[in-house]
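Knowing the structure of chain V, use the given hints to seat chain E on it.
Protein chains: 2
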Amino acid sequence: MIHKPVIIILTHIVFKKLKVFLKVLLYNQVDMKDTFFTSTQASQITGCSRRQLQYWREKGVVVPTVNASGKGHNVYYSMSDLLELMVMEYLLSVGLSFETAQESLEMLRKKQPELFKANASSEELKRLMILLSPNQLELADYDPEAAFLRVNRHGLPLVPFWGEMIHQRLRENLEGFSGNQEKM
Amino acid sequence: MIHKPVIIILTHIVFKKLKVFLKVLLYNQVDMKDTFFTSTQASQITGCSRRQLQYWREKGVVVPTVNASGKGHNVYYSMSDLLELMVMEYLLSVGLSFETAQESLEMLRKKQPELFKANASSEELKRLMILLSPNQLELADYDPEAAFLRVNRHGLPLVPFWGEMIHQRLRENLEGFSGNQEKM
Chain V
1 MIHKPVIIIL THIVFKKLKV FLKVLLYNQV DMKDTFFTST QASQITGCSR
51 RQLQYWREKG VVVPTVNASG KGHNVYYSMS DLLELMVMEY LLSVGLSFET
101 AQESLEMLRK KQPELFKANA SSEELKRLMI LLSPNQLELA DYDPEAAFLR
151 VNRHGLPLVP FWGEMIHQRL RENLEGFSGN QEKM
Chain E
1001 MIHKPVIIIL THIVFKKLKV FLKVLLYNQV DMKDTFFTST QASQITGCSR
1051 RQLQYWREKG VVVPTVNASG KGHNVYYSMS DLLELMVMEY LLSVGLSFET
1101 AQESLEMLRK KQPELFKANA SSEELKRLMI LLSPNQLELA DYDPEAAFLR
1151 VNRHGLPLVP FWGEMIHQRL RENLEGFSGN QEKM
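Note that the protein sequences, when read in sequence, are chains V and E.
Taking this note's numbering, I'd label the letters of the first sequence as residues 1 to 184.
Taking this note's numbering, I'd label the letters of the second sequence as residues 1001 to 1184.
Simulated from the structure, these hints should not be mistaken for lab results.
Ideal placement from N, C-alpha and C gives every residue a C-beta, glycine not left out.
Check each hint, because a few of them may be wrong.
[Claimed, not checked] Selected chain V positions facing chain E (in silico; Cβ < 7 Å):
#1 12
#2 134
#3 146
#4 148
#5 152
#6 157
[Stated by the list, open to error] Output of the computed footprint for chain V on chain E, the stretches with three or more beta carbons under 8 Å from beta carbons of chain V:
#7 1049-1057
#8 1060-1067
#9 1132-1141
#10 1159-1167
[Said to hold, decoys possible] A few chain E positions that, by computed beta-carbon distances, are all more than 10 Å from chain V:
#11 1003
#12 1009
#13 1015
#14 1043
#15 1079
#16 1105
#17 1106
#18 1110
#19 1171
Extracted from the complex, chain V is given alone in its bound form (with noise of 0.2 Å):
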């Protein structure tokens, strides 16, 4: 015999279970096929903390494909979501501010949204660099000859951005993901 306090708790998780699924379900953009992660998912396999992602989603940052605004496991992360975890992952670990992490993430979503596109080919990734300069932020396709005159002659910064190493990264971090996942 089952109580009745089981039976209220039991109706309300498959509730909210039903609810996630018919959100993702309706949500025009998304396609039945794609993966999504939940955020303690996303931050395993992204390597930013739990606190950066729910700080990123109130800010506006990097916005979850299904339930933006929710918390916790109502939130879930899309294979486009995790590439843009993985450009602001990158560009903190490197020594860059948050400030100018987020605004190279907008311009990069400009410039280069094929960069976000999890099935994306090699010739989709193009090289660009991100120009530092004082109170100034640029993004330009990478050019050799441009970057090293940059450097040398005028002595300013630069940070290469190669499309192409963050999905080999993520694609790295899934895999290890995956087999972690596996020996559980």
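Frame of chain V; chain E shown alone:
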């Protein structure tokens, strides 16, 4: 006839000034020929905000030569301190995080103490490069070939750091500052 409270206030001001004067006089590392700047002046010259200056004093990032723990008008920055502030200001202005700027400053102090000598000759001010890698920060002598290889082959960020440029920027700012002072 002067009222008693006025005398008390005047005595207080005279003692305060005398205290600072004695501190400057007694501080064994201080060359009395050096010029000193209040935090307001240091802020106007270097472009760092007064809030940054206060925060960096508290954190021990850039500590004024006279009265490091003091507040407001009791604090005096030497030319050497201004050069440290200029380094922080430059590294932050090109988009590095506070932690990266602070760590770079510490490395610069060790590797090239001449950088913070107000009367350093051009020969003493070597060209360096800050090497930003994921979760790693290094400082090396600038080498055009190594710089190009790093950016072009490995796709890794590089911040050229030319001591002469920092001195040049400070000289220009000081000229602008004394120009403004004369107009006032």
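Verification of the supplied hints:
Proximity of residue 12 of chain V to chain E is violated relative to the hint, the smallest CB-CB distance being about 42 Å (cut-off 7 Å). Checking residue 134 of chain V against chain E: minimum C-beta separation of about 4 Å stays under 7 Å; hint holds. Because the closest C-beta pair between residue 146 of chain V and chain E is about 11 Å apart, greater than 7 Å, the hint is violated. Because the closest C-beta pair between residue 148 of chain V and chain E is about 5 Å apart, less than 7 Å, the hint holds.
Nearest Cβ of chain E to the Cβ of residue 152 of chain V: about 5 Å, under the 7 Å cut. The hint holds. This hint holds: residue 157 of chain V has a C-beta 4 Å from the nearest C-beta of chain E, less than the 7 Å allowed. Here's how the segment 1049-1057 of chain E fares: 0 of its residues keep a CB closer than 8 Å to some CB of chain V, so the rule of at least three is not met and the hint is violated. With 0 residues having a beta carbon nearer than 8 Å to a beta carbon of chain V, the segment 1060-1067 of chain E misses the requirement of three or more and the stated coverage is violated.
Given a C-beta distance limit of less than 8 Å, the hint that chain V covers the segment 1132-1141 of chain E holds, as 5 residues qualify and 3 suffice. Closer than 8 Å: that is the beta-carbon criterion, and the segment 1159-1167 of chain E has 5 residues meeting it against chain V, so the requirement of 3 holds. Separation of residue 1003 of chain E from chain V is adequate, the least Cβ-Cβ distance of about 52 Å exceeding the 10 Å criterion. Taking the minimum C-beta to C-beta distance to chain V, about 43 Å, the non-interface status of residue 1009 of chain E holds against the 10 Å cut.
Remark: the non-interface label on residue 1015 of chain E is consistent with the geometry, its nearest Cβ contact in chain V lying 43 Å away (cut-off 10 Å). Residue 1043 of chain E, annotated as away from the interface, keeps every beta carbon of chain V farther than 10 Å; the closest lies near 17 Å. The claim that residue 1079 of chain E lies off the interface holds: its Cβ sits roughly 21 Å from the closest Cβ of chain V, which is beyond the 10 Å cut-off. Here residue 1105 of chain E stays apart from chain V, with its beta-carbon at least about 13 Å from theirs, past the 10 Å limit.
The non-interface label for residue 1106 of chain E is consistent with chain V: the shortest C-beta to C-beta separation is roughly 14 Å, beyond 10 Å. For residue 1110 of chain E, the requirement that its beta carbon stay farther than 10 Å from each beta carbon of chain V is met, with the minimum near 18 Å. Residue placement check: residue 1171 of chain E keeps its beta carbon more than 10 Å from all beta carbons of chain V (closest about 16 Å).
Comparing the model with each earlier hint shows violations of hints 1, 3, 7 and 8; every other hint is respected.
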